[in-house]
Amino acid sequence: MRNCRSSKSGGPPTPSGETVVRLAEVSGIRSRCPAAGWAHRHGRDSAVDAESLTRVQDVITRHLVRFATQEELAVEWTAAMDGGELEPTAPVVGEYVLSHHTPADDILGELAVATREATGGAAQMQVSSDEGTLLTMLTRLTGARFAVEVGVFTGYSTPCIARGLADGGRLLACDVSEEWAAIGRPYWERAGVADRIDLRIAPALETLRALDTKPVIDIAFIDADKGNYPVYYEEIVRRLRPGGLVVLDNVFLGGRVLDPAYQQEHHLAVRRLNDMITRDKRVQSVMLPVRDGVTIAHRC
23 MRNCRSSKSG
33 GPPTPSGETV
43 VRLAEVSGIR
53 SRCPAAGWAH
63 RHGRDSAVDA
73 ESLTRVQDVI
83 TRHLVRFATQ
93 EELAVEWTAA
103 MDGGELEPTA
113 PVVGEYVLSH
123 HTPADDILGE
133 LAVATREATG
143 GAAQMQVSSD
153 EGTLLTMLTR
163 LTGARFAVEV
173 GVFTGYSTPC
183 IARGLADGGR
193 LLACDVSEEW
203 AAIGRPYWER
213 AGVADRIDLR
223 IAPALETLRA
233 LDTKPVIDIA
243 FIDADKGNYP
253 VYYEEIVRRL
263 RPGGLVVLDN
273 VFLGGRVLDP
283 AYQQEHHLAV
293 RRLNDMITRD
303 KRVQSVMLPV
313 RDGVTIAHRC
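If you read the sequence shown in this note's numbering, its first letter stands for residue 23, the second for the next number, and so on.
Keep in mind the hints are simulated off the structure, nothing from the lab. Everything numeric in this text was worked out from a predicted model, so none of it was measured. The beta-carbon is built from N, C-alpha and C at its ideal position, and this holds for glycine as well. Any given hint might turn out to be false.
[To be verified] DEER-style ranges, computed between Cβ atoms:
1. Leu-310 with Ala-188: 22 to 30 angstroms
2. Asp-189 with His-320: 17 to 25 angstroms
3. Arg-260 with Arg-162: 23 to 31 angstroms
4. Arg-301 with Gly-214: 18 to 26 angstroms
5. Leu-280 with Asp-247: 34 to 42 angstroms
6. His-288 with Glu-211: 18 to 26 angstroms
7. Val-135 with Cys-322: 39 to 47 angstroms
8. Arg-260 with Thr-300: 34 to 42 angstroms
9. Arg-294 with Ser-199: 34 to 42 angstroms
10. Glu-132 with Ala-283: 20 to 28 angstroms
11. Glu-256 with Val-115: 17 to 25 angstroms
12. Leu-310 with Arg-260: 20 to 28 angstroms
13. Arg-260 with Pro-225: 16 to 24 angstroms
14. Arg-304 with Leu-163: 35 to 43 angstroms
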């Protein structure tokens with residue numbers, strides 16, 4: 023969930039303004055390359071926002087190389103300064119995205135603050151505000167009357183889903199921590215959605231397997247222990263009505279799904295899940311580079 027602040031070591035050097043111009047000329051699309059024109063006019067020694075130009079050069083050059091050589095380019099991940107999680111987008115892109123979505127209201131904003139104060143570093147498990155907006159939209163667009171959430175944490179995503187429910191709709195929220203869920207309860211009340219939420223403090227698999235095996239779920243959100251992602255997905259999809267959605271968070275695992283060196287149980291489980299969804303003929307799916315990766319699967 024955290025923004026990245028430095029490029030992964032060992033990567034190629036950032037090209038100069040002249041390199042961008044040359045690549046634009048080779049590809050024949052210089053007239054459509056504003057950064058190349060900027061570099062040509064000002065030169066690489068210009069003091070005018072050199073850092074911003076460098077970022078633009080990097081993005082444009084990678085695209086120009088693809089156009090000029092028709093080569094497939096690998097995703098370039100950037101690393102957090104503490105050596106932690108990786109993200110597929112530059113920090114400036116993430117910040118731009120966050121500033122261009124319908125913002126969270128005061129209630130959700132205060133819950134986010136309360137979560138950081140109460141949980142410290144664990145607050146990174148909370149969904150971002152743009153993900154919360156996405157969940158509300160998807161729930162509303164499906165006309166959902168019965169939703170399932172696997173993994174509540176402090177309950178930020180919970181009212182986001184509940185707000186999108188159709189009249190009379192219900193949300194079954196599954197978690198194992200009453201302590202963390204209790205942080206969110208007052209905010210659910212303030213948001214006016216507490217009466218739509220059925221919080222079950224128990225292992226999610228027990229709760230899911232107790233549901234009717236008929237297609238009863240309109241939308242589900244999975245954001246819990248990663249090692250159980252494949253089995254959560256299977257238990258939900260078999261109960262998902264045609265036209266229903268299952269949304270899964272953290273499908274990039276900080277970029278570690280791309281690196282076979284990571285072989286812990288949760289790495290293997292999420293890799294298996296991602297491949298499984300791609301092959302699953304029951305659904306149509308898309309993987310989005312939102313935060314740490316979001317997959318949306320639509321039941322056929």
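Tested hints:
Between Leu-310 and Ala-188 the beta carbons are some 24 angstroms apart, a value that agrees with the proposed interval 22 to 30 angstroms. As the Cβ distance of Asp-189 to His-320 is approximately 23 angstroms, the hint placing it in 17 to 25 angstroms holds. For Arg-260 and Arg-162, the Cβ-Cβ distance of about 25 angstroms falls inside the hinted range of 23 to 31 angstroms, so the restraint holds. The hint said 18 to 26 angstroms for the Cβ distance between Arg-301 and Gly-214, and at roughly 41 angstroms that hint is violated.
Between Leu-280 and Asp-247 the beta carbon distance is about 21 angstroms. The supplied range of 34 to 42 angstroms is therefore violated. Checked against the hint of 18 to 26 angstroms, the C-beta distance between His-288 and Glu-211 comes to roughly 34 angstroms, which is inconsistent with it. Between Val-135 and Cys-322 the C-beta distance comes to about 41 angstroms, which sits within the given range of 39 to 47 angstroms. Our hint of 34 to 42 angstroms for Arg-260 and Thr-300 is violated, since their Cβ atoms are close to 18 angstroms apart.
For the pair Arg-294 and Ser-199, the supplied restraint of 34 to 42 angstroms is violated, since their beta-carbon distance comes to about 26 angstroms. Taking the beta carbon of each, Glu-132 and Ala-283 are about 41 angstroms apart, not inside 20 to 28 angstroms as hinted. One distance hint, 17 to 25 angstroms for the beta-carbon pair Glu-256 and Val-115, is violated here, with the actual separation near 34 angstroms. Roughly 24 angstroms separates the CB atoms of Leu-310 and Arg-260, a value that falls within the hinted 20 to 28 angstroms.
A beta carbon spacing of about 18 angstroms between Arg-260 and Pro-225 agrees with the range 16 to 24 angstroms that was offered as a hint. Look at Arg-304 against Leu-163: about 20 angstroms separates their beta carbons, and that is not inside 35 to 43 angstroms.
Hints 4, 5, 6, 8, 9, 10, 11, 14 from the earlier list are contradicted by this structure; the remaining hints agree with it.
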